[in-house]
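Peer 1: Take a look at the letters that make up each chain.
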Amino acid sequence: MRSEPLAGRWRRTTILALIALLLCAAAGFTLLPGGMTLEALSLFPSSLAPVPEAVGFPLAMIVLIFAVDAFQARIDRACGLAEDA
Amino acid sequence: MGPELRRRRRGWAFALIAFCLAFTLVALVLLERVGLPRAIVQLAVPAAVAAMWLALGFGSRTMRISEFYLSGRRVTALPNGMAIAADWLSGTLLLALAGAVYAFGDGAGLLIAGWTGGFVLLAVLLAPYLNRSGALTVPDFLAARYPGRLVRLMALAVLVAVSLPLLAAQLAAIGFIAPHFLAIPAEAAILAALAVMTLCSLAGGMRALTWTQGALFLVLAVAFLTPLALLSMEAYGVPVPQLALGEALTDLREMLAAMPREHFPVPGEPSLLPTGGSGPWQTATALAGLMIATASLPHLLARFLTAPSSREARRGAGWGLIFTALLLSAVPVYAVFARLGIIGAVVGVDLDALPDWVTRLGSQGLVRICGAGAASAEAIRTACTGLDSYYSQLALADFDLAPQAVVPALPEISGQMATTAALLSTGLLAAAAATANGLLLAIANSLAHDGYHRTAGPAATAARRLFVARLMLLLVAAFAGYAALGGAPMLARLVPAALALAAAGLFPALVLGIWWKRTTTAGAAAGMAAGIAVALFLLAGNGMASNEMASTGWLAGLGVAMTDGLAGVATGFVVAIAASLFTAPPGESVGAFVEEIRRPGARMAIQDRAV
Numbered sequence: 001m002r003s004e005p006l007a008g009r010w011r012r013t014t015i016l017a018l019i020a021l022l023l024c025a026a027a028g029f030t031l032l033p034g035g036m037t038l039e040a041l042s043l044f045p046s047s048l049a050p051v052p053e054a055v056g057f058p059l060a061m062i063v064l065i066f067a068v069d070a071f072q073a074r075i076d077r078a079c080g081l082a083e084d085a
Numbered sequence: 001m002g003p004e005l006r007r008r009r010r011g012w013a014f015a016l017i018a019f020c021l022a023f024t025l026v027a028l029v030l031l032e033r034v035g036l037p038r039a040i041v042q043l044a045v046p047a048a049v050a051a052m053w054l055a056l057g058f059g060s061r062t063m064r065i066s067e068f069y070l071s072g073r074r075v076t077a078l079p080n081g082m083a084i085a086a087d088w089l090s091g092t093l094l095l096a097l098a099g100a101v102y103a104f105g106d107g108a109g110l111l112i113a114g115w116t117g118g119f120v121l122l123a124v125l126l127a128p129y130l131n132r133s134g135a136l137t138v139p140d141f142l143a144a145r146y147p148g149r150l151v152r153l154m155a156l157a158v159l160v161a162v163s164l165p166l167l168a169a170q171l172a173a174i175g176f177i178a179p180h181f182l183a184i185p186a187e188a189a190i191l192a193a194l195a196v197m198t199l200c201s202l203a204g205g206m207r208a209l210t211w212t213q214g215a216l217f218l219v220l221a222v223a224f225l226t227p228l229a230l231l232s233m234e235a236y237g238v239p240v241p242q243l244a245l246g247e248a249l250t251d252l253r254e255m256l257a258a259m260p261r262e263h264f265p266v267p268g269e270p271s272l273l274p275t276g277g278s279g280p281w282q283t284a285t286a287l288a289g290l291m292i293a294t295a296s297l298p299h300l301l302a303r304f305l306t307a308p309s310s311r312e313a314r315r316g317a318g319w320g321l322i323f324t325a326l327l328l329s330a331v332p333v334y335a336v337f338a339r340l341g342i343i344g345a346v347v348g349v350d351l352d353a354l355p356d357w358v359t360r361l362g363s364q365g366l367v368r369i370c371g372a373g374a375a376s377a378e379a380i381r382t383a384c385t386g387l388d389s390y391y392s393q394l395a396l397a398d399f400d401l402a403p404q405a406v407v408p409a410l411p412e413i414s415g416q417m418a419t420t421a422a423l424l425s426t427g428l429l430a431a432a433a434a435t436a437n438g439l440l441l442a443i444a445n446s447l448a449h450d451g452y453h454r455t456a457g458p459a460a461t462a463a464r465r466l467f468v469a470r471l472m473l474l475l476v477a478a479f480a481g482y483a484a485l486g487g488a489p490m491l492a493r494l495v496p497a498a499l500a501l502a503a504a505g506l507f508p509a510l511v512l513g514i515w516w517k518r519t520t521t522a523g524a525a526a527g528m529a530a531g532i533a534v535a536l537f538l539l540a541g542n543g544m545a546s547n548e549m550a551s552t553g554w555l556a557g558l559g560v561a562m563t564d565g566l567a568g569v570a571t572g573f574v575v576a577i578a579a580s581l582f583t584a585p586p587g588e589s590v591g592a593f594v595e596e597i598r599r600p601g602a603r604m605a606i607q608d609r610a611v
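Chains as they are written, first to last, in my numbering: chain A, 1 to 85; chain B, 1 to 611.
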């Protein structure tokens, strides 16, 4: 189905999902012991352990922004909406 | 001129300027090796950057309103990302954040998370839709969504109240860095920076700002990362300093473990939330407040109006965050390398054999030893012999470096060349000046467009509008200079309050304006007023002004201010929704406006015939 209301619905759903993700990430950062770091999940060797503290959260946010960009562009195209020039 | 030719010419201009800068730096390094005095190096580096700035600014001169206000709406994601990073990564922030990590340790992760999370809110909730509106300023968007003058004037007042303290703080940062690390008098540095940014903005407005901010970001990135990369390469064989942080921290822990206990500094409260502690609730509210405040900054929002499409605006936020994260992730490395450098250079060293930089920074009030200013070897000896626990060699507990000096002092602490130190200090000046320029233009453009054209002079010709915009630039620059040179010292200390005010005053009206068609003008105005009132009331109760802006003090006040701002945001949402439900629904034109800004490919919702 190609329609603007459908695109609008998808956009709202995407945005709600992303805000929920952001809140979960922030809650994880706030509440998990050791913060939301890969160190806390033991995924990094100890010599690089502090790196995710400074890099992990920004990196997750960058992925989130580009993911929503790709997803929204795909939805818009699927619904027959042209990207503005 | 076609877009391809324009892009190619701009690419050549950037390449030429980068080549000239690189040539100047290489020449200075070689000349320094054969004895060029430090004083000349300290002047030559900022002079070269100022010359580049002026060349780019005047090269971007324009007499068209669309170029002056919006850079022709042609700024694609990559250059916009650089300009966004330059707008956001201010000199004040880099100095204070590194100082906070140095002084408080892990707690500063909260700030990094809060600020970067704000970019997601921007990219997802606001940026693409502001871009689609065709607005020239943030108040212009709000006035189109909430017809009438009331919301426009309220938003203009918030924009000025938020941006002026931020502008004053950047000038204060210039006044701190220039005399302490480049031997340039504070007044001269502030006036020179203001003169350069005003001249460039007068010539090219947003067009000049876009390209100068992009170039200044490149200068900042090179200046900020070079000293760390050299140290990291030398000590750990890794040219990417962020990847050396783990090993450096391990070294630091081992050094501290090998020290006698009495050599440790007295531990302070390692918290950035001085009142109310740092429990999960306080951390969560401060984090949410920081995210919302970042997403509500008018000078940052203005950058998204310059993108050619909503998708480019969204991607611009992504690129902005990539560039921002590149430098933010290096901030903890500065803190750790500074600690390592200090331990290596002064701890266990005889009082008579301390390096020169200790007394140089001590004479400027940036280093204290044994509780007294380390202005001279004699002063240090007198202070330390007065202690009961006197010993001839210095302990870590006796040494106190001002946190705001951690970044600019690192090259000197670790014995790097004067050119590297001057480059870093110039990069920090560039960061402060680029942000200040963005703020200056945001205030002046809003005063000219919302305060004059849309309110008092709707029939003004394009030439008159440009004249008023340039006049406003001069007036705002003059006021900022007056405030920075001592006329209004309190202004720079209101940064935490300004951030809280941005969140409480703008965020609910912006989000509801895009995402809830039922929001009425009365509802938005009531929400803005209630949010601002609650935030101001709480801020006044908690002490609205921070400590000295150039220190970490303002970051300590930030956590509390963000919680106050968040209360204002919540109040703003509740009041705006309630008041909207109690008033008549907005007209069909408002519904059509919201539909248009949400639909990619639609024509700009606001049509300004001069743009």
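Please keep in mind that the hints were generated in silico from the structure rather than gathered at the bench.
Among the hints, a few may not be true.
[Stated by the list, open to error] To give a feel for the contact side, a few chain A residues facing chain B, derived at Cβ under 10 Å: (1) 15; (2) 22; (3) 66; (4) 78.
[As the list claims (entries may be wrong)] Have a look at the derived ranges for each label pair, beta carbon to beta carbon: (5) A:14 - B:147: 26 to 32 Å; (6) B:541 - A:24: 30 to 36 Å; (7) A:14 - B:37: 58 to 64 Å; (8) B:19 - A:24: 45 to 51 Å; (9) A:63 - B:188: 42 to 48 Å; (10) B:22 - A:14: 41 to 47 Å; (11) B:54 - A:67: 38 to 44 Å; (12) A:24 - B:54: 56 to 62 Å; (13) B:533 - A:63: 47 to 53 Å; (14) B:147 - A:63: 53 to 59 Å; (15) B:372 - A:63: 49 to 55 Å.
Predicted, not measured: the structure shown is a model, and the values here were computed from it.
Even glycine gets a Cβ: it sits at the ideal position worked out from N, Cα and C.
Peer 1: If a hint holds in the structure, say so; if it doesn't, say that too.
Peer 2: Hints, verified against the model:
no.	hint	in the structure
1	15	holds, 5 Å
2	22	holds, 5 Å
3	66	holds, 5 Å
4	78	violated, 12 Å
5	A:14 - B:147: 26 to 32 Å	holds, 30 Å
6	B:541 - A:24: 30 to 36 Å	holds, 32 Å
7	A:14 - B:37: 58 to 64 Å	holds, 59 Å
8	B:19 - A:24: 45 to 51 Å	holds, 47 Å
9	A:63 - B:188: 42 to 48 Å	holds, 45 Å
10	B:22 - A:14: 41 to 47 Å	holds, 43 Å
11	B:54 - A:67: 38 to 44 Å	holds, 41 Å
12	A:24 - B:54: 56 to 62 Å	violated, 48 Å
13	B:533 - A:63: 47 to 53 Å	violated, 39 Å
14	B:147 - A:63: 53 to 59 Å	violated, 39 Å
15	B:372 - A:63: 49 to 55 Å	holds, 50 Å
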